[in-house]
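J.: Take the sequences, apply the hints, and build the full model.
2 protein chains.
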Amino acid sequence: MDTTSAPPTQPTPLTGASRAVALEVLLRGPVSRSEIARRLSLSAGSLTRLANPLVDSGLLVEVDAEHGPPGQEARAGRRTRPLDINPTAHHFIGAKVTGDDVHAVLTTLRAEVVASVRKPLSGRDPASVVATVRDVTGELTAGGPPISRVGVSLGGRVAHHTTVTAAPFLEWSEDVPLGSLLADALGLPVTVDNDLLALTRAEHWFGTARGHDRFAVLTIGAGVGYGLVMHDTIVDTPDVGVGLLGHCPLDPMGPLCPSGHRGCATAMLSRPSICAAVSVGLRRSVTYDECLDLAASGDPVAAPVITAAGRALGRLLAAVANFTLVQKIVLTGEGVRLAEVARTTVDEAVRADRDPSTAPLELDVQHSDFAYWARGAAATAIQAYVLEEEPAAG
Amino acid sequence: MDTTSAPPTQPTPLTGASRAVALEVLLRGPVSRSEIARRLSLSAGSLTRLANPLVDSGLLVEVDAEHGPPGQEARAGRRTRPLDINPTAHHFIGAKVTGDDVHAVLTTLRAEVVASVRKPLSGRDPASVVATVRDVTGELTAGGPPISRVGVSLGGRVAHHTTVTAAPFLEWSEDVPLGSLLADALGLPVTVDNDLLALTRAEHWFGTARGHDRFAVLTIGAGVGYGLVMHDTIVDTPDVGVGLLGHCPLDPMGPLCPSGHRGCATAMLSRPSICAAVSVGLRRSVTYDECLDLAASGDPVAAPVITAAGRALGRLLAAVANFTLVQKIVLTGEGVRLAEVARTTVDEAVRADRDPSTAPLELDVQHSDFAYWARGAAATAIQAYVLEEEPAAG
DNA sequence: CACCTAGGTTCCATAGTGGAAATAATGGCG
DNA sequence: CGCCATTATTTCCACTATGGAACCTAGGTG
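Quick mapping for you: the protein sequence lines, in order, are chains S and P.
Each step along the first sequence adds one to the number in this note's numbering, with nothing skipped, and position 166 is 166.
Each step along the second sequence adds one to the number in this note's numbering, with nothing skipped, and position 238 is 238.
What the hints contain is simulated information worked out from the structure, not anything from laboratory work.
Misleading hints may appear alongside valid ones.
Claimed, not checked - Just so you have them, the derived chain P footprint on chain S, three or more residues with Cβ under 8 Å:
| no. | stretch |
| --- | --- |
| 1 | 228-237 |
| 2 | 319-325 |
| 3 | 357-371 |
Remember, predicted model here, so these are calculated numbers, not experimental data.
By construction, the Cβ of each residue, glycine as well, lies at the ideal position given by its N, Cα and C atoms.
T.: This is the structure we're talking about:
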């Protein structure tokens, strides 16, 4: 694969072992050579042989010892010279497609957002989506560094990272080979993925869950979304992306969801449900943030709704932890402020449903905007790029 | 194959790659050399080099082509000569320790039970447990083949496969290094494990879940137990074994459990709970099997109790599948007959709580006796033996 | 019976590995 | 300040497991 002008790519196309070294550095942040050798069960000699070409090629850089892990400052011996990824060695595009528009970001190899752009869809048909993604990609790449791969995420099912087999928001009734359509339109390799999987991947490699080999992601917003990483591998089944937890019963006294489930996750936690519940009580239409503000100030209608939602959220979090045995959950989505306003209630509910002898559940509340979701798509592209099969030896 | 006298152990102590070959054969049953090569990404040449010494050593044997997978009988080319494990190449002891006795089995490398024995505990203190395990091991090994490793399982928490850190049934108040105590007493390597993890391991490598890389095990009996395998690796955390699912709420109208949870898994599904519910209604004490028989014959008291239990079980199974994304659940334990008597109700409840677009959940009901649990302990020993670090090169 | 296909074996050049020994960089100590 | 212990990293080399090519084996087919 030739990347036209200035090649920041390694001349050596990354053999299995050197790829493993690069991945280790990417995922574990700055690490010394000796530490990498230990983690990968390689000898120090092999490590030198593998790592130094990567430094020469510009993919890795030596950084100053950042005083390492605290607690063992004054030890004898030569100091470590940690290696880190040079994040600008490669750049990626991530694009999140919604029913109305495309949000896209340009990121580094570390999924740091360099630039961001948004453009409304001219239509929901595949051709319009392809055109819009082409446009935003064009805007982001103009005059910038070459792009190694493009990631696209959307709500729905995606097969083999290329074919969209279900996309309710776009009203696509049949399979669309979006990956190949976009690859042709952009002249770049493209990876398509479910939006929640993409977000989960981003948290796994680059987010607060970096370094954790087991965790769950829970999103609340228009609905309830769910992603799971076990043993350092994301759980990817065809059933992911159908909102498996959306109708999990949480409160036998709760309101109904549009499908008729009483007190299910959607009925208790989604923004529309909460707005509806408060609006009905107040006899006027209120926004989600207004609901939370009113609850925080003790409004007699909003407060109990939010408290019930917090309790339901705690119950859901506890169930996730109990069933999957994760010790960390990343909570995000447009409705995440609920967890902050009702944090005490949430924590109490989690404790109530957890065995007291279990390790405490680590809960990470992560604010999200559209760039955050688009960054998830970029993370998918980064993973695909880093893990892709070696080119069949030319 | 004659075992008795001649040492069945390999002279070659299994290098990394040949260990992988042996493991592949152990786990995937009879497999042709070419198939192994494909699975392990090895060349055919390497495969010959690796596999044939294993055949020579007696660990693997060539078997007749069992007409392979149906559907492709008449194909051209040389027929495959599949390899299989010689299960008698090694033997193992599995012992399950309860609060009252020790059940032990002698098994092959495939966890097939060769002999079985039971002995009551003379006391619950560590010394008595060690003595009883020593006795049953002695009985099982007398005059038989040499034992490669001993596995011991019990209800409770076990650290590093050696130290029992909690064992409510044995009323041990402090950590007991049971593994090393037994290793000294037996003169054999010993692996200790939580009983549910052990059972899960057995299902994973040798049971109905063989070949599945993601599944859950659910046991109903005195309580509700739970084990999980994801990405071909068992989920092993300190929290396993504390009955995480025992108090999962399943029926807001259900009875109370001893801890005061209304309609939790224990209250709805445990044998004592079901017996209690039916006994109260009938004004007489009934056994578990009697409850099920009465329900099957339409008894007006037992039938609704069992139906409610079946519904709760279905809800629990659906939750397991929804949260962990497994597509297969092995259901076992002394109370498992519930699932057979109330199968229709269970299936209906599963469907009700699953998104209709998901893949159907595969449910495997497995009858269990004490040998079954002891076999789990043996499976732990087999795993430890097969996966153990190579002896530090003599 | 010649030919086709696919499984399995033999053999060899070589890439990649661990290990020993060397070198580098640091703190402690007399 | 010089020496030593300690740890990180590099250099170098013997060795071994690997892939690949060529070959043999064991059926089918026309």
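J.: Going back to the hint list, which numbers does this structure go against?
T.: As far as the earlier hints go, not one is violated by this structure.
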